[in-house]
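2 protein chains.
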Amino acid sequence: MATTSKFHPTESSVPPAGAVNVQLKEPKGFPVHVQPLNPLSFLLRASQIYPNKLAIAHSDAKNPVFYTYGVWAQRVQNLAYALIEAGIQPGDRVAVIAPNSPAIADAHHGVIAARAIICPINTRLTAPEVAYILEHSGARLIIVDHEYKHLLPPTQARVVVCDDTGRAGDPYEEFLASGRRFSRERGWGGLEWEADENAGAALCYTSGTTGRPKGVLTTLRGSYLAAVANAYETKMTPDSVYLWILPMFHACGWTYPWAITAAFATQITLRTVNMSQIWYHFLKSGVSHYCAAPTVQISIVSAPEARKVPRPITAVIAGSAPTAQLIGDLETKGILPVHVYGLTETYGPFMKAYTQAAWAAMSLEERSRQMARQGFSFLTSEPVRVVHQAAEDASDAPLVDVPQDGRTVGEIVMRGNIAMKEYFRDADATRRAFAGGYFHSGDLAVVHPDGYVAIQDRSKDIIISGGENASSLAIEQELAAHPDVLEVTVIARAHPKWGERAMAFVILKADAAPKWKGRHAEFGDALRKHAKGRLPGFACPEWVQVVDELPKTSTGKIQKVELRKMVAKL
Amino acid sequence: MATTSKFHPTESSVPPAGAVNVQLKEPKGFPVHVQPLNPLSFLLRASQIYPNKLAIAHSDAKNPVFYTYGVWAQRVQNLAYALIEAGIQPGDRVAVIAPNSPAIADAHHGVIAARAIICPINTRLTAPEVAYILEHSGARLIIVDHEYKHLLPPTQARVVVCDDTGRAGDPYEEFLASGRRFSRERGWGGLEWEADENAGAALCYTSGTTGRPKGVLTTLRGSYLAAVANAYETKMTPDSVYLWILPMFHACGWTYPWAITAAFATQITLRTVNMSQIWYHFLKSGVSHYCAAPTVQISIVSAPEARKVPRPITAVIAGSAPTAQLIGDLETKGILPVHVYGLTETYGPFMKAYTQAAWAAMSLEERSRQMARQGFSFLTSEPVRVVHQAAEDASDAPLVDVPQDGRTVGEIVMRGNIAMKEYFRDADATRRAFAGGYFHSGDLAVVHPDGYVAIQDRSKDIIISGGENASSLAIEQELAAHPDVLEVTVIARAHPKWGERAMAFVILKADAAPKWKGRHAEFGDALRKHAKGRLPGFACPEWVQVVDELPKTSTGKIQKVELRKMVAKL
Numbered sequence: 001m002a003t004t005s006k007f008h009p010t011e012s013s014v015p016p017a018g019a020v021n022v023q024l025k026e027p028k029g030f031p032v033h034v035q036p037l038n039p040l041s042f043l044l045r046a047s048q049i050y051p052n053k054l055a056i057a058h059s060d061a062k063n064p065v066f067y068t069y070g071v072w073a074q075r076v077q078n079l080a081y082a083l084i085e086a087g088i089q090p091g092d093r094v095a096v097i098a099p100n101s102p103a104i105a106d107a108h109h110g111v112i113a114a115r116a117i118i119c120p121i122n123t124r125l126t127a128p129e130v131a132y133i134l135e136h137s138g139a140r141l142i143i144v145d146h147e148y149k150h151l152l153p154p155t156q157a158r159v160v161v162c163d164d165t166g167r168a169g170d171p172y173e174e175f176l177a178s179g180r181r182f183s184r185e186r187g188w189g190g191l192e193w194e195a196d197e198n199a200g201a202a203l204c205y206t207s208g209t210t211g212r213p214k215g216v217l218t219t220l221r222g223s224y225l226a227a228v229a230n231a232y233e234t235k236m237t238p239d240s241v242y243l244w245i246l247p248m249f250h251a252c253g254w255t256y257p258w259a260i261t262a263a264f265a266t267q268i269t270l271r272t273v274n275m276s277q278i279w280y281h282f283l284k285s286g287v288s289h290y291c292a293a294p295t296v297q298i299s300i301v302s303a304p305e306a307r308k309v310p311r312p313i314t315a316v317i318a319g320s321a322p323t324a325q326l327i328g329d330l331e332t333k334g335i336l337p338v339h340v341y342g343l344t345e346t347y348g349p350f351m352k353a354y355t356q357a358a359w360a361a362m363s364l365e366e367r368s369r370q371m372a373r374q375g376f377s378f379l380t381s382e383p384v385r386v387v388h389q390a391a392e393d394a395s396d397a398p399l400v401d402v403p404q405d406g407r408t409v410g411e412i413v414m415r416g417n418i419a420m421k422e423y424f425r426d427a428d429a430t431r432r433a434f435a436g437g438y439f440h441s442g443d444l445a446v447v448h449p450d451g452y453v454a455i456q457d458r459s460k461d462i463i464i465s466g467g468e469n470a471s472s473l474a475i476e477q478e479l480a481a482h483p484d485v486l487e488v489t490v491i492a493r494a495h496p497k498w499g500e501r502a503m504a505f506v507i508l509k510a511d512a513a514p515k516w517k518g519r520h521a522e523f524g525d526a527l528r529k530h531a532k533g534r535l536p537g538f539a540c541p542e543w544v545q546v547v548d549e550l551p552k553t554s555t556g557k558i559q560k561v562e563l564r565k566m567v568a569k570l
Numbered sequence: 001m002a003t004t005s006k007f008h009p010t011e012s013s014v015p016p017a018g019a020v021n022v023q024l025k026e027p028k029g030f031p032v033h034v035q036p037l038n039p040l041s042f043l044l045r046a047s048q049i050y051p052n053k054l055a056i057a058h059s060d061a062k063n064p065v066f067y068t069y070g071v072w073a074q075r076v077q078n079l080a081y082a083l084i085e086a087g088i089q090p091g092d093r094v095a096v097i098a099p100n101s102p103a104i105a106d107a108h109h110g111v112i113a114a115r116a117i118i119c120p121i122n123t124r125l126t127a128p129e130v131a132y133i134l135e136h137s138g139a140r141l142i143i144v145d146h147e148y149k150h151l152l153p154p155t156q157a158r159v160v161v162c163d164d165t166g167r168a169g170d171p172y173e174e175f176l177a178s179g180r181r182f183s184r185e186r187g188w189g190g191l192e193w194e195a196d197e198n199a200g201a202a203l204c205y206t207s208g209t210t211g212r213p214k215g216v217l218t219t220l221r222g223s224y225l226a227a228v229a230n231a232y233e234t235k236m237t238p239d240s241v242y243l244w245i246l247p248m249f250h251a252c253g254w255t256y257p258w259a260i261t262a263a264f265a266t267q268i269t270l271r272t273v274n275m276s277q278i279w280y281h282f283l284k285s286g287v288s289h290y291c292a293a294p295t296v297q298i299s300i301v302s303a304p305e306a307r308k309v310p311r312p313i314t315a316v317i318a319g320s321a322p323t324a325q326l327i328g329d330l331e332t333k334g335i336l337p338v339h340v341y342g343l344t345e346t347y348g349p350f351m352k353a354y355t356q357a358a359w360a361a362m363s364l365e366e367r368s369r370q371m372a373r374q375g376f377s378f379l380t381s382e383p384v385r386v387v388h389q390a391a392e393d394a395s396d397a398p399l400v401d402v403p404q405d406g407r408t409v410g411e412i413v414m415r416g417n418i419a420m421k422e423y424f425r426d427a428d429a430t431r432r433a434f435a436g437g438y439f440h441s442g443d444l445a446v447v448h449p450d451g452y453v454a455i456q457d458r459s460k461d462i463i464i465s466g467g468e469n470a471s472s473l474a475i476e477q478e479l480a481a482h483p484d485v486l487e488v489t490v491i492a493r494a495h496p497k498w499g500e501r502a503m504a505f506v507i508l509k510a511d512a513a514p515k516w517k518g519r520h521a522e523f524g525d526a527l528r529k530h531a532k533g534r535l536p537g538f539a540c541p542e543w544v545q546v547v548d549e550l551p552k553t554s555t556g557k558i559q560k561v562e563l564r565k566m567v568a569k570l
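Top line first, the protein sequences correspond to chains A and B.
Sequential numbering of the first sequence, starting at 1, is according to this note's numbering.
Sequential numbering of the second sequence, starting at 1, is according to this note's numbering.
In isolation and in its complexed conformation, chain A is listed as follows:
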C-alpha cells in the first residue's frame, strides 16, 4: 500500500514541533480515582504512543490522502476548535453526510472533542428523508461530502462542504484551518473533557421499514465500552489493518471508528463498495479485518478477483445470519467469519456466536448451524434475555424468560451500558421500547439448551402453514446450500389449502445462470427436491422465482415487505 510519503498534509494538519500534551482540561470535582469515560481517549493515546504510524489511508479516492496518528489527531483537534468557533455548544448536533472518507472519520472524534453529538446520515436516503432527519435532529452544522450536496434541503444550519481532497482550497480544509487559527496553539489543553460520561455521543437514525426514522441517542460511556468490546472480541492489534466496507454512517460504523483507534490499527476508507478495490486491498494492503452484512459478503466471495488471501482476515458478519455456504466460501479463501448480532439501538454488535472447541470436529453444515446462532452478549454488555411477549396493555408487567428448550419463541431484550439512551425527542417511542426496563429488539428467538440465543424470525417472517410454524430463516439457510444459489430469500404467501406457504426468491450464481436460462421452472423443481431432503414438508417452498436482484434497504437488508407487496398482487 502507498505510504504517507506520497501525500503532504496541509500546513494546519501538521502538529507543532514538540507539542506533547495530549490531555484535555480536566473536569472539576472528580476524585482522583474517577475519570469520565470518553472514546476520544483512544485517539489521544494513539497520537501519543504511535504518532508516526499510519492511521488512515484514503488511497482509492480521486485525491488519495494518508494520515499518521499524529497528523490525524491534529486535524481532529482543529475540527473541534472550528466547531466551537462556529458556535457549536455542548450537546449540539453536528450532522455528517459523507461516504467512508477521512472527513466522517474525523467527525467521530472531533465532534465529541467539541462536546457535541455526531449525527451521521445515510447517503443512500432520499432528499426528503435527509431533510426530515436534519430537522428532527436540529443539527446546527452540517458537514457534507461534495457528492451528496444534492441531498441538502434549504437550511439555516451552517454547511461545510468537503471536496474530499485533503488539499488547501477544499472548503473542509479551510474549516479545519480556521480551527487551528482559533486554537492559537492551545492544543488539547484548551478543550474541555466532558464531565458527564452519560452525555450524548451520537445520534443515528434507523432506516425504519415502517414509519418515520427514529433517532437513536448513544452515550460517551456506551461508545467507549462498546468500542473496547469490539476491539477485544475481534482481536484487533497495532498490527491490524481494517478495511471500511460497512458504511461509517451506519450506527457509527458499529463503533469501529473508536475500536480501530483503541487498537492503534490502520484503517483504509473506501468511498464505495467496489469489489476490485476490496480485493486489491485484501491481496496487497495486508487487510486483517472488515465488517459487512451477508449480502455484501456474498458479493465479496463471488467476485471474479476472489482468491486465497495472503494474510488471514477476520470478517465480522451482522445484519442477518451467515449461511453454511457463505461460511464455507469465506473460509476457503482464508477469511474467518465472526458472527455478531445487534441493532442501531445497541451500538451495533451486542452479541457474538462464541466458538466452542467441539465445533472444530463438526461438518461445515453442522458447524455453520452453530455459528448462525446469535450466541451470547459481548464482553461489556449485559446478558440478553429472551422473554415471553407481554400483551400490549401489560407493558409494565415483569418480563418472564422463556425456557432454554430451543423451541419456545420469545423476544430478545437487552439493557446495560451498550443499550441506547433514548429515541431522541420521542418519549413515547422510548417508553414503548423500554417496557419492563429493557430495550425490546423486536427480534424473535429461542434459547437452546446450551444457552445460545438463536433468532427465529421477526413475527411477520414466520410462515404459518397448515397450523405449523415454519421459519423463513431456517428455510433460507437450507436453500442457500444448493450449489447454484447465490442468494435467496423466503416469504409467506397465501395458500388456499394451507393458509400460508413459503415462496423463495433466488439469485442464481453467475456460472449457473446460463444452465437454467429459459428453464426456471425446472430449477424450481430441482430446488424443491433439494429442500425435501432437508426440511419438513410444510416448510418446503411451494413457489420458486428466479430474479436478477432483490429489493434492499439503504443498509443492505432485504426488503421482504416489498416482496410481500408484489406477491399480494399476484
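One thing to keep in mind: the hints can contain errors.
A partial selection of chain A residues facing chain B, derived with a Cβ cut-off under 7 Å [as the list claims (entries may be wrong)]:
#1 Tyr232
#2 Phe376
#3 Arg415
Since the hints were made in silico from the structure, they are not lab data.
Since the model is a prediction, treat every value here as computed from it, not as a measurement.
Ideal Cβ placement from N, Cα and C applies to all residues, glycine included.
Given chain A, work out where chain B should sit, using these hints.
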C-alpha cells in the same frame, strides 16, 4: 494436563440441572442504558458461555482439584451466600490468607458477590504484621489456608480454615455447603448487584519498606476496567492458559483473577514458586501466560529444566525493569516478555512498554534498552504525567510536567479509573499521596523525546558521585549483560573523594561460580573492565561483592535498604 474427569467436586459444588439464570437482582433506579461496572460480570458470562470449560486446575497440590466454569461459578455463589449468612454486610472486609489456590481465586469473586471487600494478606508476612492488617482492616471474617493458621492472632472475627482438599469434610467446603443450603437454590437472582460502581472491591496492604503497611482501597469500576485492560494488553483468549506464579495476594494478582475470567481462559494455581512445577506446566500444560518480577524470571530461565517451550508464552514482567540479558534468555526459550509498570495503588499494571515496529531491526541490547522503559499508560488508564517535584509545603500548587528531553527527572503521577480510591482509614496519607489531584508514585523518571517514560530511580537510588548523578538502575542494566552474572543490584556507598560511588552485589550463574571460586577479587576486576566499556567512569562500580543471595521483600523486590545498612557498618 489432567482433566476434570479425575476429580469429582463436592455435591454442593455442582450446579442444579437446568439452572440458567446468571443475573443478580438488578439495583433499582438505573436507566436502561447504565449498569454499574463490576468484575463479577466476567465469571457470570464465563459460566453461561463456557460452563464445561476448565476454569481452574489446582493440579500440584496434595489433593488436586479441577473446576469447570460452571462448577466454579456455583462455588463462588455458595461462598457469597455463606458470607451473607455469616453476617457479612455490604462494605465489610473479608480477609484471605492463602497461597495461590482455588480458595483465594473463589474469594476474588465470591466476596464481591456478597458486596463485601476482599482483603488478601501476604502469606510471607510475620504474625505481628498480619495481626496489624487484620486489626486495621477490621476484617469480620478470615479465610485462612491450613498452612498459615500460625499467622493468625487471637481474633473476634469468624475464621474459616481451608485444608485445600476440595473434598467433603474440609472446613472450607462445609462453609460453601452452608451457603448452598442458605441459598435454597435462589441462585444468582437471590443476590444483589452492587449499585455503586465506586464501592470498594479490594483492600490490599502495601509491603512498605518503611513504616506500617498502608491499605490500598480499590473500586469495582477500577477493577473491571483494569481487568479488561490486562486481558486486552496481553491478548488473552479462551485458548489461553495462565500459570499463577505471581501471588494472588499481591495487589489482587494485578487483577488477573478477573482478567483471566474475562478472557474465558484456564488458570493453573501453584501453591509455591517451584521451578520443576513451573517447567512441567510450560512444557506439558499449554501455558500461554504468566506474570512475575524479574528476579523470579531469572530463576525461571536459569532452572535446569529450562528449554524451548512448545507454545509461545507471554511473560508479563513488572516490579523492576528487565535487563537485556533476561530479555534475551526469555526469547531464546520462546517466552515473549511484556514489560509493564505499576504499583498496588494502581491495581498493579498501569503502563506498558508498547513495542514499535522499528525495534525489530535493533540489536538485542538496543531493543532491550527500549523495552526496559516504562512506556505509556494502559488502554483504560489515563496518561501518566512526570512532574517536577513540588516542595513539601506547596502540595496544592499545580503540577508542572518535565520537558520530554530524556534528562529532566520528575515524579511519575497518575489519576483516573485505575488509580486507588484511598488509603483505608488514613486520610492524612491519602491527602499526601493525592497532592495536586494526582496519585504520587514516588518513582522518579524522565520522559524521552519519543514520549516514553523511563524510571531512573527512587531518589535514594541515585548515586551522586563527584557531582554527577548516576542511576543505579542503568548500572545494573549494564552489569547484568556480563555473561557470568545471574543477578545484580547496585547501591550508593560513601566514598572519601567522590562523596558516593557505586557498589555492586552479584549472584554468579551456577556454571560460572566454580570458575571464580576463591577469586572473587579477580571477578570484580573483570566486571569493572566490562563496565568501563559501557558506562561513564563515575558510574563504574568501585566495589564488587559476590553473594549467594540478595535480601528480598515478601513480594520479591530486592531490599536495598538492608544492603545500605550492611554497607554503612563496613
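Taking the numbered hints from earlier one at a time, note which ones the structure violates and give those numbers from smallest to largest. none
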